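**Student:** What follows is each chain in one-letter form.
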Amino acid sequence: MSGRPIFDGLTMNIQRAGVTAVMGPSGTGKTTLLRLITGQVHADSGTIEVAGQDMRTLKRADLYKLRRRMGMLFQNGALLTDLSVFENVAFPLREHTDLPERLIRQLVLTKLQAVGLRGAADLMPSELSGGMARRVALARAIVMDPELLIYDEPFVGLDPISMGVILRLIRRLNDTLGLTSIVVSHDVKEISTVADKVFLLSGGKVVASGTPQELRSDPSEIVRQFVGGLADGPVPFHYPAPDYFGELLARGEDS
Amino acid sequence: MNVIKELWQSLLDSLVGLGAVVRFFFRLVISIPAVLLRFDLVVAQVWNAGALSLVIIMLSGLFVGMVLGLQGFQLLQRFGSEEALGAAAAVGLVKELGPVVTALLFAGRAGTALASELGLMRATDQLSAMEMMAVDPIKRVVTPRFLGGAIAMPLLAAIFSLIGIYGAQLIGVQIMGVDSGSFWSQMRGGVDLADINEGIVKSIVFGVACSLIAVYEGYHATPTAAGVGRATTRTVVTSAVVVLFFDYLLTAAFL
Chain A
27 MSGRPIFDGL TMNIQRAGVT AVMGPSGTGK TTLLRLITGQ VHADSGTIEV AGQDMRTLKR
87 ADLYKLRRRM GMLFQNGALL TDLSVFENVA FPLREHTDLP ERLIRQLVLT KLQAVGLRGA
147 ADLMPSELSG GMARRVALAR AIVMDPELLI YDEPFVGLDP ISMGVILRLI RRLNDTLGLT
207 SIVVSHDVKE ISTVADKVFL LSGGKVVASG TPQELRSDPS EIVRQFVGGL ADGPVPFHYP
267 APDYFGELLA RGEDS
Chain B
70 MNVIKELWQS LLDSLVGLGA VVRFFFRLVI SIPAVLLRFD LVVAQVWNAG ALSLVIIMLS
130 GLFVGMVLGL QGFQLLQRFG SEEALGAAAA VGLVKELGPV VTALLFAGRA GTALASELGL
190 MRATDQLSAM EMMAVDPIKR VVTPRFLGGA IAMPLLAAIF SLIGIYGAQL IGVQIMGVDS
250 GSFWSQMRGG VDLADINEGI VKSIVFGVAC SLIAVYEGYH ATPTAAGVGR ATTRTVVTSA
310 VVVLFFDYLL TAAFL
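Heads up: the sequence lines are chains A and B, in that order.
For the first sequence, our numbering gives the first residue as 27, with consecutive numbering after it.
For the second sequence, our numbering gives the first residue as 70, with consecutive numbering after it.
For reference, chain B alone in the conformation it holds in the complex:
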């Protein structure tokens, strides 16, 4: 009986938590028009979130692409169709690996930075101080960061895919000797607009989700050292699970 009770209770708790996130999301959305009037704040945050993650995204993109080139070549060689490597790598990167891996890295780099920044602002009364100065911290601090993250994430995913394709080309064409012409032409033939769209939609959804989770956790962090640490950890864990969950849903929806 106790187990059932506890399960029921934790289900209720998580529903309440979800409701709180949704309400917070609407608060952010309502404040977006006002924030767009001060676009310099958003641009600063795009730069902040994007530039923070750029190096790690580029490096990871290169390695993921190289692994893809290696694995793909091994597999395709068995069927004697190495030329399809270009198409296989591009589709995989644009539709799946680009958005998903970028989102996971983004949550780990920019998401944690956002959450701990907001958490520390809460812990050191900076958010209360703003409210006392009649400045709404949602409009001044939270929504610009949310928008910045949501805009930066698709851009990062695009960069990731681009560099990934270069990495696959590096291994496949330069080292394994796949014909350069057929690598690129197979890619052009094999990737549809629908694949690109799927990648774009996914990276936008993941960007919104990761940024929302980060600012929500940071803004609601318990104002102690332990609380900020917990908020940071929860940002990464929740983001990862949510991204993979939405990835499945979106993939199914695009079939």
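Isolated chain A (complex conformation):
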């Protein structure tokens, strides 16, 4: 795991009971940040505290206890492919509780109703569209009533309608369940409509933070490039390479 540091001098403070967006160009380590927050990987230095607990010194059992208070929505849903939609949502309940079948049924159906897929309870994951799979995964993520809900790129590859549905769900779930939500995304327009606070990452640092409005009026070049979707700027269009003409004109010396 040697090589360049992904984060260097990163400080973030995520407020309870709000929707926090983490944005940034591809490859800035947004997903790595989520893995750090959830304790899937550990930082070489620095501290990460979740609900007052230092992730680095947490023992496995305590980590699992903490994770029961978190829900995470993976990029493609990550539904268990050998279980039906119903059983996928029931999975955390069956693993962690001894609730009677009737109660499990009620809980699962309520959560599915919240994401609008009660009618799809008997389908298998392979029969779902991308947007539906993500909504089922969302139902699964909230079935244990977490305090923290994390979304990893929830809009990638969705059609505009599904995207609108997910956006509405993020906001509604956050407000009705009193959650803390963290959304990692690079869809500027979409995320601006739901986020309370935005962190913009680039080069391993927070380069800007604030409400979506504040970010839009931020004068710095990197923010303008990202928010405006400009091809070239502080984040260069070209991957680092030797001089163009030099390379074209060089004789092919068995490169």
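Be aware that a few hints might be false.
What the hints assert, rightly or not - Sample of chain A residues facing chain B (criterion: CB under 8 Å; computed from the structure):
| # | residue |
| --- | --- |
| 1 | M98 |
| 2 | F100 |
| 3 | A104 |
| 4 | L106 |
| 5 | T107 |
| 6 | P118 |
| 7 | H122 |
| 8 | Y265 |
Read the hints as simulated data drawn from the structure, not as lab findings.
Since the model is a prediction, treat every value here as computed from it, not as a measurement.
Cβ coordinates follow ideal geometry from the N, Cα and C atoms, glycine included.
Put chain B on the given structure of chain A with help from the hints.
**Tutor:** For chain B alone, kept in the frame of chain A given last:
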């Protein structure tokens, strides 16, 4: 010099790999008590691994037995002792062909299925999703599959030997005209308890080895299409070599 260096390096690499497998094995063993409390998961996997391979095992057993009947009859006839066919076929099947051929077929059928299933679960984030739901994938997914395979394999080997003996009888007695009474009585006289034990020990060892290799390769597969393919191939190749190697060791040990 370079060749020696590379050989040394590959020796080191394979030792590191072996160490990783052993560590993984201990992780599985430690989780066994917890998994046994949910025996329904194991039973489902015994059914999965066993039923998957049953038809191919039975068919192969029949043909191997028939070949044994034919070859054995030809050979024994030269010495005028065709009646020994029953004993020869039974000893060969119970001690060698049953465990070894079953293990090779098992690796090709159930082992590859296990490896690709786990590899795909890794590639589609299902294993990470479980960890995020505070469910240990080793306990929930890997160890039940490992135990299922390890239990199914000796049962399959027994079925293989049984059907093989029937196949030998079919050719020897029904077609070649060996006396039925002496076929069976020679078999009863010629097969010791020690032979049976050897077969049982071998099939247990092969079952553990093949299942371990399959779940190890699948669990550690690179999460890409190519990676899952590689894991599947390596499962078959490694299993075959390991089975034949252990077969030699165990045969020597039982002499």
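**Student:** Next, verify each hint and record whether it holds.
**Tutor:** Results of checking the hints against the structure:
1. M98: With Cβ-Cβ at 4 Å, under 8 Å, it holds.
2. F100: holds (5 Å)
3. A104: holds (4 Å)
4. L106: With Cβ-Cβ at 6 Å, under 8 Å, it holds.
5. T107: holds (7 Å)
6. P118: Holds, about 5 Å.
7. H122: It holds, given that the least Cβ distance between A/H122 and chain B is near 7 Å, below 8 Å.
8. Y265: Violated: closest Cβ of chain B sits about 21 Å from A/Y265, beyond 8 Å.
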